[in-house]
Amino acid sequence: MFSGFDYGTSNCAMGIIQTESSKVSLLPLEQGKVFMPSTLYALERELICEQVGLGITDSADKEAFLALRANSLAQARRIRQQEGLDSSEQSLFFGRSAFEEYYEFPEEGYFVKSPKSFLGASGLRPEQVFFFEDIVTAMMQNVKRQAEKSAAALGLKDPIEHTVIGRPVNFQGLNAEQSNKQAIDILTVSAKRAGFKSVEFLYEPIAAGLNFEAELSENKTVLVVDIGGGTTDCAMVRMGPDHKNQEQRQQDFIGHSGERIGGNDLDIQLAGSNLMPLFGMGTELKNGKPVSTKTFWDAVSTNDISAQSNFNSLQTELYLDQLVRDSASPELIRRFIKLRDDKQNHHLVRSSEQCKIELSSKPEHRVDLSFIERDLSEVVTRELFAEAVNRPVEKMTALMDEAIVQAGCKPDLVYVTGGSGQSPVIRQAIKEKIGEVEVLDGDHFGSVASGLTVWAERLFR
Numbered sequence: 001m002f003s004g005f006d007y008g009t010s011n012c013a014m015g016i017i018q019t020e021s022s023k024v025s026l027l028p029l030e031q032g033k034v035f036m037p038s039t040l041y042a043l044e045r046e047l048i049c050e051q052v053g054l055g056i057t058d059s060a061d062k063e064a065f066l067a068l069r070a071n072s073l074a075q076a077r078r079i080r081q082q083e084g085l086d087s088s089e090q091s092l093f094f095g096r097s098a099f100e101e102y103y104e105f106p107e108e109g110y111f112v113k114s115p116k117s118f119l120g121a122s123g124l125r126p127e128q129v130f131f132f133e134d135i136v137t138a139m140m141q142n143v144k145r146q147a148e149k150s151a152a153a154l155g156l157k158d159p160i161e162h163t164v165i166g167r168p169v170n171f172q173g174l175n176a177e178q179s180n181k182q183a184i185d186i187l188t189v190s191a192k193r194a195g196f197k198s199v200e201f202l203y204e205p206i207a208a209g210l211n212f213e214a215e216l217s218e219n220k221t222v223l224v225v226d227i228g229g230g231t232t233d234c235a236m237v238r239m240g241p242d243h244k245n246q247e248q249r250q251q252d253f254i255g256h257s258g259e260r261i262g263g264n265d266l267d268i269q270l271a272g273s274n275l276m277p278l279f280g281m282g283t284e285l286k287n288g289k290p291v292s293t294k295t296f297w298d299a300v301s302t303n304d305i306s307a308q309s310n311f312n313s314l315q316t317e318l319y320l321d322q323l324v325r326d327s328a329s330p331e332l333i334r335r336f337i338k339l340r341d342d343k344q345n346h347h348l349v350r351s352s353e354q355c356k357i358e359l360s361s362k363p364e365h366r367v368d369l370s371f372i373e374r375d376l377s378e379v380v381t382r383e384l385f386a387e388a389v390n391r392p393v394e395k396m397t398a399l400m401d402e403a404i405v406q407a408g409c410k411p412d413l414v415y416v417t418g419g420s421g422q423s424p425v426i427r428q429a430i431k432e433k434i435g436e437v438e439v440l441d442g443d444h445f446g447s448v449a450s451g452l453t454v455w456a457e458r459l460f461r
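Residues in the sequence shown are numbered from 1 upward in steps of one, following our numbering.
Possibly wrong hints are sitting among the right ones.
[Said to hold, decoys possible] In silico lysine-lysine, DSSO-like type, Cα no more than 27 Å apart, as pairs:
1) Lys23 <-> Lys220
2) Lys197 <-> Lys62
3) Lys62 <-> Lys220
FYI, nobody ran anything at the bench for these hints, they're computed from the structure.
Build the full structure now, drawing on both the sequences and the hints.
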């Protein structure tokens with residue numbers, strides 16, 4: 001059986017073709033929902049590697065993995081002995097369950113959100129690449145397992161062995177070619193270890209467009225704007241009846257651009273600009289000088305390995321201890337230290353994400369921060385949100401210009417997809433940039449997975 005696999009920055013989804021109806025079906029992955037948050041929580045980080053090894057089904061792949069990770073697996077066994085963890089005890093949690101475990105035990109386990117954001121990071125050491133391979137493999141094993149259970153409930157008993165995975169135009173802005181190769185290599189290795197025998201990739205904006213193209217009754221030049229959790233990708237694509245049945249579509253792909261700027265960046269900007277002042281950002285020292293903002297931005301930059309390393313370092317701990325003594329608002333710095341000690345920065349950014357979602361339909365939203373301190377909250381209006389995210393939104397619309405210039409023509413219409421594409425702030429920016437061209441909404445969460453499934457049918461049927 002084949003599938004389209006949207007291993008997304010914010011959510012994962014997997015689609016198959018229902019043989020009877022020839023329609024795409026997205027399979028429930030968790031609690032009856034077809035979208036699973038791209039999160040993992042481990043009781044101990046060393047146990048991730050152990051669970052990956054247990055989940056590899058091909059004997060040759062398993063043997064090779066066990067040899068490659070011998071030291072890590074030995075460390076995992078020691079951790080189990082030291083912590084008294086029974087082999088039958090669940091050690092990894094995914095999706096919403098991962099969030100629940102993290103919220104309840106933030107300082108005890110290992111939590112990671114949106115690992116796809118890190119795959120193209122420059123300067124990764126081999127051991128870091130191996131670790132990300134294990135994280136991604138564990139998540140893919142879980143998605144595949146849950147998808148096959150859902151498929152079996154539909155009477156489809158065969159394992160899912162072939163897949164097309166979505167990829168952004170660029171995983172990172174710097175050293176794009178090297179970054180893309182590193183990320184694709186990690187995804188390929190992980191998918192093979194998860195049990196996929198054939199793995200192909202398709203640009204996410206093209207996948208989103210394939211889903212939309214089925215509805216077109218005449219040929220159009222379409223600007224697809226896919227604003228995902230970690231990246232924004234734009235593609236100028238010739239679509240319609242004369243194009244959709246062609247086996248090769250390269251000639252229809254006439255302009256593209258992409259950058260590592262997406263919904264997560266909006267969450268981070270909102271958290272930094274509107275929530276971090278509650279923790280001392282923007283305050284002064286006793287001598288009247290402003291407090292440096294760097295550590296506050298490091299706290300909320302949860303998609304940046306270097307920033308998170310700095311925030312969790314001993315140097316930052318010592319700096320904050322000194323800052324309490326030097327600050328004119330020591331109570332706010334103590335609140336910041338508590339956030340750091342309790343490892344609640346991911347929870348804070350998650351609250352910012354929820355605020356962004358609420359502001360898609362409401363003029364203002366009160367962000368509940370009682371998980372940090374009783375009765376702590378902050379009201380954010382749509383205007384404050386627009387001001388906070390102005391810079392990343394400008395970058396997103398600049399990518400539209402870049403794709404249009406490459407194509408050498410204007411689009412007949414704009415097709416917007418991706419979770420953050422629902423934001424009125426972003427929609428207004430797109431309309432201001434594009435002028436009188438019609439702007440249409442796609443399935444903001446399912447269009448990529450559906451398009452990947454359509455492409456998988458062409459490749460593997």
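Any hints this thing doesn't respect? Which numbers, in order?
Of the numbered hints given earlier, the structure breaks just one, which is hint 3.
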